[in-house]
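According to numbering that gives the first Met the number 0, the sequence shown is numbered sequentially starting from 0.
These are calculated hints, taken from the structure and not from any lab test.
Glycine included, every Cβ here is placed at the ideal spot set by N, Cα and C.
Wrong hints could be hidden among the right ones.
Calculated pairs, BS3-like style, for lysine-lysine (alpha carbon to alpha carbon, straight line, at most 30 Å) [as the list claims (entries may be wrong)]:
(1) Lys146 x Lys176
(2) Lys94 x Lys38
(3) Lys94 x Lys167
(4) Lys176 x Lys38
Restraint ranges, calculated between C-beta atoms of paired labels, are given here [what the hints assert, rightly or not]:
(5) Lys155 x Asp113: 18 to 26 Å
(6) Asp107 x Tyr178: 50 to 58 Å
(7) Asp69 x Glu31: 46 to 54 Å
(8) Lys94 x Glu62: 42 to 50 Å
(9) Arg93 x Lys71: 34 to 42 Å
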Amino acid sequence: MEKKLLINGMANYIDWTGEGPKKGPYYLYYLETYASIVKLFKFINFAATAQSYYGDSANSPEEARRKAIDSKRGFVYIAWAPYLKSIWEETLERKGFNDCVKIGYSDDPDRRIDEIAGNIGPPDSIEIIDVWPMLDMKGAEDLVHHKLKRYRLSPKRELFGLDPDSAKQKVGEILEKAYGPGVSERGKTTDFS
């Protein structure tokens, strides 16, 4: 007959044999307690309880991490419109620039065209010159703005005194130097993983 010892919560032992446990002083107490707990857990829906307590936005740590990463992913873009030059003509002349572009970030640059146009002009006249996919779009945009601060027309605007071609070249160089040669241009795919 083989004997096994199982540790219970009170550091007492129940002696198990081939016929089953020998009834000791705590046997019935532990058996009844265990049965009560099993019955209780049978009726508790832990997922629903957690959702009602934490709300619909309750996430596992992995989901929270993924959402935090996804919220930073996006694009740094360069937008140009012919009327930007006329709107900022006085500032461009004063600072000695010929043209201006908008350098910003967005998770959807094509949607951003409509948002920009709502502020300053018709959407058909705004052209996205180039986009660069980034894992941290705001950080990349801040870096570009810092490096190009001498071309900035106003501290409160994302407008820079550069023509579209030189803006594309300068932004590409800044991002490639900071993030490596994996940074791609518009139309090329880059794996975000």
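So which of those numbered hints doesn't the model satisfy? 2, 4, 6
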